[in-house]
Amino acid sequence: MPTTFRIKRFNPESESPQPYFQEYELETEQSDTVLDALIKIRESVDESLALRCSCRGAICGSCGMRINGHATLACKTKVVSLESPDGTVQVEPMNNMPVIKDLVTDMGGFWDKIRQVQPWLQPAGPKPDAEYIASPESMKHLTGVMGCIMCGACVSDCAALEVDHQFIGPAALAKAYRFVADPRDGASDSRLLALNTPGGMWDCTRCMECIEVCPKEVGAMDRIMDLRAKGIDQGMPSTCGSRHAEVFADLIEHKGRLDEPLLAMRTFGLKNIGQMLSFLPMTLRALVRGKLPRSGPLHRAIPGIDRIRRLFRHTRNLP
Amino acid sequence: MTTAYTFDILVLGAGLAGMRAALAAHEGGAKVAILTKVHPVRSHSNAAQGGINAALTDRGDTWEDHAFDTVKGSDFLGDQDAIEILAEEAGQDILALEHMGVIFNRNDEGRLGTRRFGGQKRARTFFVSDFTGQAILHVLYEQILKANLPVFEEWFATSVVRDDDGRCAGVVAFEIRSGQFAFVKAKVVIIAAGGLGRVFEPSTNAMICTGDGMAIAYRAGTPLMDMEMVQYHPTTLKGKGLLITEAARGEGAYLINKDGERFMEQYAPNMMELASRDVISRAEQIEINEGRGINGCVLLDCRHLGKRVIHERLGQIFEEAKTFANIDLTEEPIPIRPGMHYSMGGIKTDVDGRCWDPQGGWKGVPGLFAAGETACLSLHGGNRLGANSLLDTVVFGRRTGSCAAAYAQSVEEPRVNNSVSDKDHNMVQEFLKRKAHADTVAAIRLDLGVTMNKHLGVFRDEEGMEEAQGLLPVFRDRWNRVAIQDKGRVFNTSLVQALELGMMLDCAQTIVRGAMIRTESRGAHFRTDCIQRDDENWLKHILMYHNPKGLPRMDYLPVRITQWKPQVRVY
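Here the protein sequences line up with chains U and G, keeping their order. Okay, so the first sequence: first residue is 18 according to the working numbering, each after it adds one. Okay, so the second sequence: first residue is 268 according to the working numbering, each after it adds one.
The shape of chain U in the complex, shown without the other chains:
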């Protein structure tokens, strides 16, 4: 079937290097993946189209790119599975990283953040003579996160990273979890402490994009939530991030809905004058537009709050 591929190109060696879209008409087959199509274009139409690819089987992680607006592996995406309003397939390089040429991005920053989590096993005590004894469940659990192939899709589409370049990002946090959850690793406390800082595990905004786009079902955001829970369980010093989580839950338990001004005040602390003042312009703008959320006594608990509180009690009693 004829398909139009709209590919974002960038040639750093051109006279005035600017990204632009180029369209290619191509006859594709039912079984073709987007990678097959890109290779056909490269081999029969335009050899200068640059992309990384190798295994063709979703294991090497080379061909991460954005297809119709979402990051994925080109080799795992069937052309027929794609739907778009005008029938074209749009292919762009991954986001949140610089482009070297066409679909090839510079992943240096990605790896710098992986390095930040000291991604190697740090066992406590001397090595045993034989293997470490570990439960089959613990190892099976880790296969989920070890399945990460470092393709960069989650980082490409991470909404938090887009606005906060300091954020360590979903891939590095999933990698950190791989060690924190490993019964053989002895450095969980220091790993969690290192992530309990600005740019660390509390900066995820839970948009779920990383879960959505991951081609290997690593579930990075769920791993980030696991890290937070472990941090709180281990009595980590509280931060804005952990207080935000606790206050959030507390407010829902008491009112059944969010009291946003109170959330901010309790998260940062009323005594944090600088922070409180910094909210002032936004508060005024919201007030002028009639969008200032109610708060305090004006913001009552919802009807049926008892049922919500019962849910909380029930969840707390779960094993």
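Any given hint might turn out to be false.
Here are the simulated lysine-lysine pairs, DSS-like style, with alpha carbons at most 27 angstroms apart [said to hold, decoys possible]:
#, chain 1, residue 1, chain 2, residue 2
1, G, K589, U, K130
2, G, K589, U, K95
3, U, K57, U, K25
4, U, K144, G, K413
5, U, K57, G, K507
6, G, K413, U, K130
7, G, K574, U, K95
Hints are computed from structural coordinates only; laboratory data are not their basis.
Since the structure of chain U is provided, determine the placement of chain G on it from the hints.
Okay, now just chain G, sitting in the frame of chain U:
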């Protein structure tokens, strides 16, 4: 215009063998760097699915049994001294990997668990679900990060440099991102650049497996050995030839023909689906050729394994079957066929990875080492057992790195002028200047791959091989004239592919030549015009030296036999 770097040891390639060698050399006190044409975690070791063999004595297994299974699997072409080392040292290397952090599957006692694999009487394959290679590769890369070793990422090596005394002096390479050439000077070069799968079309191998390491070592004057020994894996998907792990059969899957018969009963009544790969691939091809296949395939049936086993232990191939064949393994058998998978042949090395013989029994390049699929000790002889390749990479990667570190301390800096890179740089410039015409690198590569698959596949004969032999100079001639469209310096993938094709053509010639000379059938090399194994004349290795003016120069080495005399091979 040329940058120069200096190290004691440069490792080419960052798969399992390369990274293991680099770590061992680093522990040995050498100043080590890695140069690789893809980021380390993109290496093809990723694709190893099923597992890694080791006979652990505390499980009641013996290394001798593992060694014998390997010798028999090799159809008695493997060198038994090397195989003994492989089997004997396997345990320590598995434990070393576990201690580094590999999340091997555990049994109920929390100890390492095993599964069965082909050609072996015992369950001695350690595994991580069905992505063992990836799980080990990422852990070795973690260790590289920990050791903070310099890695030249996305650099393409164009040749091995020798100094005036003929010793290895480093490599010439260029950075793909900038097109910048450099001479990387090193007392030792360890080639661990993987296999040559793309010489065949289709192949289970990744697109990066183009025999570069073998070709540049060969051109530098070191011999390639047993290149005719090319493994066809019994279970690959139609179309692109993606791999379906042997672990499926290890877990109990059946092979059936169009009549639903478990046809391996006819060919290997004892081992059935777990006979060695060459035997099963031939059986499948016979079923297909005699009309008992379905559209050029037979079927792999996993249904009776149950959903739990399939999801927990074969999760990756479940996904693969769903994505690439649109089949649910728990509901339907999947069509598979034999497909090119592995090169038993490669750069001749000794048991410490040296590409020269200090005793002078054969000639090579002092200072050059090799490990992994690139190398040929020979461990795998005529046919490699499943889950022995990962073991090969870690055992001989480690040994090679250690030996190389000691060697590097014993020799002086090579004396070479930095201008050695000019030749390759000029060659690339010449390539970029060629005027475009109709022929393309992709077209030549496809013709080469199809020819090799047609005539050097599961069954071979004189006539077909002669046809391939006749076509190779034609392909070479086309390559000498082909132009590439992209004239840029930055990330010019067409240029990289053109250079790779040159490497593949050299490898192809040695495969065809070796296969024509070996007038017998042994292991994966099966000739319908001489179907018997001929121990009297061919219990020996074929070595080939590069000859820029024509056919390779031949030499032979006897198979080293320690305790197992050749016997009739049945499964």
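Problem set entry | Hints violated by the structure (numbers, ascending) | 1
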